[in-house]
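**Student:** Assemble the complex: chain P is given as a structure, and chain V must be docked to it using the hints.
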Amino acid sequence: MCHQSVGLIQSIIEKAGIPTASVTLCREITERVAPPRALFVDFPFGYPLGAPNDTALQTRIALSALALLTEAVPPVILRDCAVLR
Amino acid sequence: MAKLSQLKLAHQIFMKAYRYRKVDWRPGARLSKLLSEVRVAVVTTAGFFKPDQLPFDVSIRGGDCSYRVLPLDTALSKLAIAHRSDAFDIRGITADKNLALPLDRLKTLVAEGVIGSVAPRHFSFMGSISAPGRLINSTAPEVAYMLLEDAVNAVLLTPV
Numbered sequence: 000m001c002h003q004s005v006g007l008i009q010s011i012i013e014k015a016g017i018p019t020a021s022v023t024l025c026r027e028i029t030e031r032v033a034p035p036r037a038l039f040v041d042f043p044f045g046y047p048l049g050a051p052n053d054t055a056l057q058t059r060i061a062l063s064a065l066a067l068l069t070e071a072v073p074p075v076i077l078r079d080c081a082v083l084r
Numbered sequence: 000m001a002k003l004s005q006l007k008l009a010h011q012i013f014m015k016a017y018r019y020r021k022v023d024w025r026p027g028a029r030l031s032k033l034l035s036e037v038r039v040a041v042v043t044t045a046g047f048f049k050p051d052q053l054p055f056d057v058s059i060r061g062g063d064c065s066y067r068v069l070p071l072d073t074a075l076s077k078l079a080i081a082h083r084s085d086a087f088d089i090r091g092i093t094a095d096k097n098l099a100l101p102l103d104r105l106k107t108l109v110a111e112g113v114i115g116s117v118a119p120r121h122f123s124f125m126g127s128i129s130a131p132g133r134l135i136n137s138t139a140p141e142v143a144y145m146l147l148e149d150a151v152n153a154v155l156l157t158p159v
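Line by line, the protein sequences are chains P and V.
Once you know that position 83 of the first sequence is 82 in numbering that gives the first Met the number 0, the rest is easy, because the numbers rise by one and skip nothing.
Once you know that position 27 of the second sequence is 26 in numbering that gives the first Met the number 0, the rest is easy, because the numbers rise by one and skip nothing.
Excised from the complex, chain P in its bound form (with noise of 0.2 Å):
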């Protein structure tokens, strides 16, 4: 229910005018909530930045959700992530 939550929380602030991405581990709800622009992630439940204590696998995730923002307003974004690929 975390990927519910958390779509629906950046769709209000977006509406509220401050541009939003989301990490996500889960495609289906993700797919379901539609939020504006998401990063998937190919982790398990629990572990949306990769691995703990793992620095740099933190910073490439949060840096390319960040970069969703950089691109046009979408219909919706659901990108997988490339620093796993």
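Keep in mind that the hints were calculated from the coordinates and are not lab data.
Since we're looking at a predicted model, the values are computed, not measured.
No residue lacks a Cβ here, since even glycine has one placed at the ideal position from N, Cα and C.
The hints are all genuine.
From the derived model, a few chain V residues whose C-beta atoms are all more than 10 Å from chain P: (1) A9; (2) K49; (3) P50; (4) D51; (5) Q52; (6) D56; (7) S58; (8) I59; (9) V68; (10) P70; (11) K77; (12) S116; (13) R120.
25 Å max Cα-Cα, derived DMTMM-like pairs, lysine to aspartate or glutamate: (14) K2(V) x D79(P); (15) K7(V) x D88(V); (16) K32(V) x E70(P); (17) K49(V) x D88(V); (18) K14(P) x E141(V); (19) K15(V) x D41(P).
**Tutor:** For chain V alone, kept in the frame of chain P given last:
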């Protein structure tokens, strides 16, 4: 890979049948500055709270829609975790809160000139909210207002 099919059967049945909510966010907001100039805040649903804050109430039916304000100088290692569910592995965020609340990572990005600054306040919600009415109508708009107050230009959100 996190898939619904990996969850316990009871969770799967609930989540397959659940009618997911949506909030219309259109037309969407645009970055008003270069990424190197923006002020970034984090919102997570990891259920983090400070030792001097009230814990989230896990007894509320449908979930606790409240939030906790986490100032930038919060000692991440001291944060408690209210969110317990057998739908996720808590060991990662127990070992390193940056896994869901990457304040140290954002500080590094500021030092490297990649982003402009880290916001003074960040926000933690509880997980497992199946009845999000109060979240949609009250608590999430309150957080949006505080982000505007703090002149935040970009928000990064993380589920667990």
